[in-house]
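Visitor: Generate coordinates for the entire structure from the input sequences, incorporating the hints supplied.
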Amino acid sequence: MSTSTGGTPTIPRHMQRDRFAPVAETQAARDEPGFPTIRTAFGTPARLVTRYADVREVLGDAERFSNAVVPPMPLPDGESDADRRAGQLLLQDPPEHTRLRRLLTGEFTVRRIRRLEPRIAEIVDDHLDAMAAAGPPADLVSAFALPVPSLVICELLGVPYADRDEFQGRAARQLDVSRPLEERGRLAMEGRAYMGDLVDRARIEPGDDMLGMLVREHGDDLTRNELIGVASLLLIAGHETTANMLGLGTLALLRAPDQLALVRDRPDAVAPAIEELLRFLSVVHSGIPRTVRHDTTVGETPVSAGDLLVLSLPAANRDPATVDHPDDLDVTRAIAPHVAFSHGVHHCLGAPLARAEMAVAFPALFWRFPTLALGTPYEEIEFRSATVVHGLRALPVTW
Amino acid sequence: MKIEANRDICIGAGNCVLAAEDVFDQDDEALVVVLSDQPSDDQTTEVRNAVAQCPSGALSLVEG
Ligand code: HEM
Ligand code: SF4
Numbered sequence: 001m002s003t004s005t006g007g008t009p010t011i012p013r014h015m016q017r018d019r020f021a022p023v024a025e026t027q028a029a030r031d032e033p034g035f036p037t038i039r040t041a042f043g044t045p046a047r048l049v050t051r052y053a054d055v056r057e058v059l060g061d062a063e064r065f066s067n068a069v070v071p072p073m074p075l076p077d078g079e080s081d082a083d084r085r086a087g088q089l090l091l092q093d094p095p096e097h098t099r100l101r102r103l104l105t106g107e108f109t110v111r112r113i114r115r116l117e118p119r120i121a122e123i124v125d126d127h128l129d130a131m132a133a134a135g136p137p138a139d140l141v142s143a144f145a146l147p148v149p150s151l152v153i154c155e156l157l158g159v160p161y162a163d164r165d166e167f168q169g170r171a172a173r174q175l176d177v178s179r180p181l182e183e184r185g186r187l188a189m190e191g192r193a194y195m196g197d198l199v200d201r202a203r204i205e206p207g208d209d210m211l212g213m214l215v216r217e218h219g220d221d222l223t224r225n226e227l228i229g230v231a232s233l234l235l236i237a238g239h240e241t242t243a244n245m246l247g248l249g250t251l252a253l254l255r256a257p258d259q260l261a262l263v264r265d266r267p268d269a270v271a272p273a274i275e276e277l278l279r280f281l282s283v284v285h286s287g288i289p290r291t292v293r294h295d296t297t298v299g300e301t302p303v304s305a306g307d308l309l310v311l312s313l314p315a316a317n318r319d320p321a322t323v324d325h326p327d328d329l330d331v332t333r334a335i336a337p338h339v340a341f342s343h344g345v346h347h348c349l350g351a352p353l354a355r356a357e358m359a360v361a362f363p364a365l366f367w368r369f370p371t372l373a374l375g376t377p378y379e380e381i382e383f384r385s386a387t388v389v390h391g392l393r394a395l396p397v398t399w
Numbered sequence: 001m002k003i004e005a006n007r008d009i010c011i012g013a014g015n016c017v018l019a020a021e022d023v024f025d026q027d028d029e030a031l032v033v034v035l036s037d038q039p040s041d042d043q044t045t046e047v048r049n050a051v052a053q054c055p056s057g058a059l060s061l062v063e064g
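Taken in order, these protein sequences are the chains called A and B.
According to our numbering, the stretch in the first sequence is residues 1 to 399, in order.
According to our numbering, the stretch in the second sequence is residues 1 to 64, in order.
Any given hint could turn out to be false.
[Stated by the list, open to error] Computed beta-carbon distance windows for the label pairs:
{"no.": "1", "chain 1": "A", "residue 1": "137", "chain 2": "B", "residue 2": "4", "range": "49 to 57 Å"}
{"no.": "2", "chain 1": "B", "residue 1": "36", "chain 2": "A", "residue 2": "190", "range": "48 to 56 Å"}
{"no.": "3", "chain 1": "A", "residue 1": "183", "chain 2": "B", "residue 2": "52", "range": "37 to 45 Å"}
{"no.": "4", "chain 1": "B", "residue 1": "52", "chain 2": "A", "residue 2": "297", "range": "22 to 30 Å"}
{"no.": "5", "chain 1": "A", "residue 1": "11", "chain 2": "B", "residue 2": "2", "range": "45 to 53 Å"}
{"no.": "6", "chain 1": "A", "residue 1": "320", "chain 2": "B", "residue 2": "2", "range": "48 to 56 Å"}
{"no.": "7", "chain 1": "A", "residue 1": "386", "chain 2": "B", "residue 2": "4", "range": "39 to 47 Å"}
{"no.": "8", "chain 1": "A", "residue 1": "256", "chain 2": "B", "residue 2": "27", "range": "35 to 43 Å"}
{"no.": "9", "chain 1": "B", "residue 1": "27", "chain 2": "A", "residue 2": "28", "range": "27 to 35 Å"}
{"no.": "10", "chain 1": "A", "residue 1": "376", "chain 2": "B", "residue 2": "27", "range": "46 to 54 Å"}
{"no.": "11", "chain 1": "A", "residue 1": "204", "chain 2": "B", "residue 2": "27", "range": "51 to 59 Å"}
{"no.": "12", "chain 1": "B", "residue 1": "52", "chain 2": "A", "residue 2": "204", "range": "40 to 48 Å"}
{"no.": "13", "chain 1": "A", "residue 1": "295", "chain 2": "B", "residue 2": "62", "range": "32 to 40 Å"}
Don't read these hints as lab results, they were simulated from the structure.
Yeah, the Cβ is synthetic: ideal placement off N, Cα and C, and Gly gets one too.
Guide: Quick look at the structure:
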């Protein structure tokens, strides 16, 4: 169990991994009755939910389990809880959540995302060209996995890509729970100030991008703070997650060359392979912790009003009750149900975009570099711990 | 087998479209549109997957 001292929390148990997998203690919790008590990154006690059916039950019921009631956390000077929450879909319950989400869903339909595919393919190719010109070797994270989704979300939202070092660095530090809370709060506030400038510019001269659309079509329904919150969430959620799927996914496939070859050579193998990678990697350790509204039971376990439930998405996605040989990566399996994108009303808004990016990026990478191989021994590859999204610090490759 | 879709609780995630493209679509607000509510026999598996993967519980099947 982790404890919090001097404002610098240690890594909470639900974020601890043994490379790709949740740590053994978390995996074992699936077989024990009840929900063990852990501590969140804020040091508050919470109960850890690990079984697939239980996790799905909680995610699927926004009436019994709330995202909006969260434990108080220290806020930097000049910041109010209302500022922090405005536009943050993940910190709201229906009906407020529904209102905000409906303003955005039209931008993320499967059809709308299909129209972006040619541009995604260009962005992917440009980065592969640059990698080929500069290497071998290369760091796949900084040369490919991070810049591709960053550029895609920048263009979609209307954020200048020239600012990437600034916002990527800020997002990475903000999601790092080993940093003091005050620092993370301050980073979030800086991020909002940055986005505030972009929102003000879009209000004067709305472009063809999503910020422009929000200002033009919903300028009267959304406050400035809500616009900032929505756009900040899209910017962070839009690059950190897919980037880590691409980095970790490449590493996992390099360790399973037959499966890599299928993804490269068989177009019809790609979609099921992506679902399997989503399940196997489960890059988001847990969503927002849910607060129990009234005494109730989850599966067979009683929970009390006010309990905080932390949902382990990787543990749920490796539950032998729903998938055979859950700890094996097998891109040929019949698509297994998973909660890597969550479930219920907060199910990932960007899922169609993330799927499209991966469907373009993985085959293109393996096609361009048929001899792609690890540049250092597997044992030396550094997994990134303590961040809200699991990933790699770097992925040295050669070809 | 008949498909029922509740557009009031649909959250527009599009999982149904990806699972069974010939059966489901989304309107401009991303809400589900059922293209054919009596799927053919060879669409049954796809449709069951779509219902299982719908995150909001908006889809249901009435057997018969
Ligand atoms: C493979 C990549 C991705 C994964 C694994 C992922 C995962 C998730 C998960 C687990 C949640 C829900 C958390 C909870 O229930 O507490 C979520 C929500 C969300 N995601 Fe993603 N995501 C990915 C990519 C994206 C992209 C590319 C975007 C944006 C363009 C995005 C935007 C969002 C937004 C806005 C929400 C909040 C939805 C709501 O509360 O209604 N995500 N994502
Ligand atoms: S999968 Fe469910 S929530 Fe998503 S669009 Fe289809 S019906 Fe709506």
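Visitor: Taking the beta carbons of residue 52/B and residue 204/A, is their distance inside 40 to 48 Å?
Guide: The hinted range 40 to 48 Å holds for residue 52/B and residue 204/A, with Cβ atoms some 47 Å apart.
Visitor: When you take the CB atoms of residue 27/B and residue 28/A, is the distance between them in 27 to 35 Å?
Guide: 46 Å, violated
Visitor: How does the Cβ-Cβ distance of residue 386/A and residue 4/B compare with 39 to 47 Å: does it lie in that range?
Guide: At 45 Å between Cβs, range holds.
Visitor: Determine whether the Cβ-Cβ distance between residue 376/A and residue 27/B falls within the hinted range of 46 to 54 Å.
Guide: Given range 46 to 54 Å: holds, Cβ gap about 50 Å.
Visitor: Hint says 37 to 45 Å; check whether the CB-CB distance for residue 183/A and residue 52/B agrees.
Guide: 42 Å, holds
Visitor: Does 35 to 43 Å hold as the CB distance between residue 256/A and residue 27/B, or does it fail?
Guide: For residue 27/B against residue 256/A, whose Cβ atoms are near 40 Å apart, the range 35 to 43 Å holds.
Visitor: If I claimed the Cβ atoms of residue 295/A and residue 62/B lie 32 to 40 Å apart, would that claim hold in this structure?
Guide: 34 Å, holds
Visitor: Within 49 to 57 Å: is that where the Cβ-Cβ distance between residue 137/A and residue 4/B falls?
Guide: 55 Å, holds
Visitor: CB of residue 36/B to CB of residue 190/A, is that within 48 to 56 Å?
Guide: Given range 48 to 56 Å: holds, Cβ gap about 51 Å.
Visitor: Looking only at beta-carbon atoms, does the pair residue 52/B, residue 297/A fall within the given range of 22 to 30 Å?
Guide: Since residue 52/B and residue 297/A have Cβ atoms about 23 Å apart, the given range 22 to 30 Å holds.
Visitor: Could you see if the CB distance from residue 11/A to residue 2/B stays within 45 to 53 Å?
Guide: 50 Å, holds
Visitor: Range first: 51 to 59 Å. Now tell me if the beta carbons of residue 204/A and residue 27/B are that far apart.
Guide: Since the Cβ atoms of residue 204/A and residue 27/B sit about 32 Å apart, the hinted range of 51 to 59 Å is violated.
In summary, the numbered hints that this structure violates are 6, 9 and 11.
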